[in-house]
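Construct all of the structure, not just a fragment, from the sequences and the given hints.
Residue 71 in my numbering sits at position 71 of the sequence shown; the count goes up by one each step and never skips.
It cannot be assumed that every hint is accurate.
[Claimed, not checked] For lysine to aspartate or glutamate, the following EDC-like pairs were computed, each having C-alpha atoms within a straight-line distance of at most 20 Å: (1) K27 with E69; (2) K88 with D4; (3) K86 with D4; (4) K27 with D53; (5) K11 with E77; (6) K44 with E56; (7) K39 with E69; (8) K58 with E69; (9) K27 with E77; (10) K88 with D53; (11) K27 with E14; (12) K58 with D68; (13) K60 with D70.
Just so you know, the hints here were simulated from the structure itself, not pulled from any lab data.
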Amino acid sequence: MNTDLIPSLSKSLEIELPENISGEELKRQLSSHINYLIKSDFQKLVSFLYRIDVSESKLKQLLKDNADEDAASIIAELIIERQLQKIKSRQHFNTRDENIDDVEKW
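Here it is in structure tokens:
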């Protein structure tokens, strides 16, 4: 599992997650937290999804196509997927920037 994922999720979702957690356990804990937010503070969940930049159209389509599945589990998968995309993008651009001479950097 990506070592940046847990701290990123913890910060973005304001949740305590253990450093050494399996992918399945991570999804379970996120799903539980998301279910809690759905029931107790839906607006906060919407805010988290917006801040994390989860695709609203993709979320709606997945919820529609998988109506018999747990919504929190679907949302958790999308959050993990999006965070991994952002981490990969940051790593790509950081690596690219390392090859630029300091004089040419902004």
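Do the hints match the structure? See the list:
| no. | hint | verdict |
| --- | --- | --- |
| 1 | K27 with E69 | 14 Å, holds |
| 2 | K88 with D4 | 10 Å, holds |
| 3 | K86 with D4 | 10 Å, holds |
| 4 | K27 with D53 | 18 Å, holds |
| 5 | K11 with E77 | 17 Å, holds |
| 6 | K44 with E56 | 15 Å, holds |
| 7 | K39 with E69 | 17 Å, holds |
| 8 | K58 with E69 | 15 Å, holds |
| 9 | K27 with E77 | 7 Å, holds |
| 10 | K88 with D53 | 15 Å, holds |
| 11 | K27 with E14 | 15 Å, holds |
| 12 | K58 with D68 | 17 Å, holds |
| 13 | K60 with D70 | 13 Å, holds |
Of the hints listed earlier, there is not a single one the structure fails to meet.
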